[in-house]
Amino acid sequence: KAGVTQTPRYLIKTRGQQVTLSCSPISGHRSVSWYQQTPGQGLQFLFEYFSETQRNKGNFPGRFSGRQFSNSRSEMNVSTLELGDSALYLCASSYSGTPPTGYTFGSGTRLTVV
Amino acid sequence: DQQVKQNSPSLSVQEGRISILNCDYTNSMFDYFLWYKKYPAEGPTFLISISSIKDKNEDGRFTVFLNKSAKHLSLHIVPSQPGDSAVYFCAASANSGAGSYQLTFGKGTKLSVIP
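Chains A and B supply the protein sequences, listed in that same order.
Residue numbering for the first sequence follows the working numbering, beginning at 27 and increasing consecutively.
Residue numbering for the second sequence follows the working numbering, beginning at -2 and increasing consecutively.
Check the hints yourself; a few may be wrong.
No farther apart than 25 Å at their CA atoms in a straight line, the calculated lysine-lysine pairs in the DSS-like style are these [as the list claims (entries may be wrong)]: (1) B/107 x A/83; (2) B/2 x B/65; (3) B/53 x B/65; (4) B/104 x A/83; (5) B/107 x B/53; (6) B/53 x B/35.
Non-contacting residues of chain B with respect to chain A, defined by C-beta distances greater than 12 Å in every case (computed) [what the hints assert, rightly or not]: (7) 48; (8) 76; (9) 105.
Simulated DEER-style distance windows between Cβ atoms [claimed, not checked]: (10) B/66 x A/31: 28 to 36 Å; (11) B/8 x A/86: 39 to 47 Å; (12) B/-2 x A/37: 28 to 36 Å; (13) A/106 x B/112: 26 to 34 Å; (14) A/124 x B/79: 45 to 53 Å.
Keep in mind the hints are simulated off the structure, nothing from the lab.
Since the model is a prediction, treat every value here as computed from it, not as a measurement.
For every residue, glycine included, the Cβ atom is placed at its ideal position computed from N, Cα and C.
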């Protein structure tokens, strides 16, 4: 059974650019959540998508957005990149998102903004 | 304001002994508590969880204890093995409405098990 796949694994971008990250969930999983991990703030919730709808959103600026496709694959977009956006971005999938014990995380995308 | 705190950034334990990782929380609305293990360059791996209506859950060498009155939970690993060396994250979840649960993580404790 394939796990959660995130692409690309590593990315270097320049300030002001935009970036799109991709997450393919486990087959059959309909919930995809995104988290940002930084040394200072730890793991922080960005948003959750379920059946192509954003069901929940964390406390991040509007530059962070996402979407989910009919096959449950999800993309996350960050516009007008700032140095502080450098982080490991993790996505997690589950069948329904409830209860949360069924979340499986991908290996993440390491974004470096220079 | 950090709702989930892991006050020990690191912990070293001899192989075969017990590892105890601690976590405190402030939000009374949390209804599930989870422990994740993370190796470098990998995503967190789910270890064990506990519902807020229970005070103990066991899975093999791993036991999680929940003290709701103290808003404290702990993960016990017995016996500790060198392969347990990793960063351990405590996480808590609450229903955010519309069936969505978001995880609030602590900042992690790096466990080193010394052979």
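> Where does the structure disagree with the numbered hints, that is, which hint numbers, in rising order?
Replying inline: 1, 7, 9, 10, 11, 13 and 14
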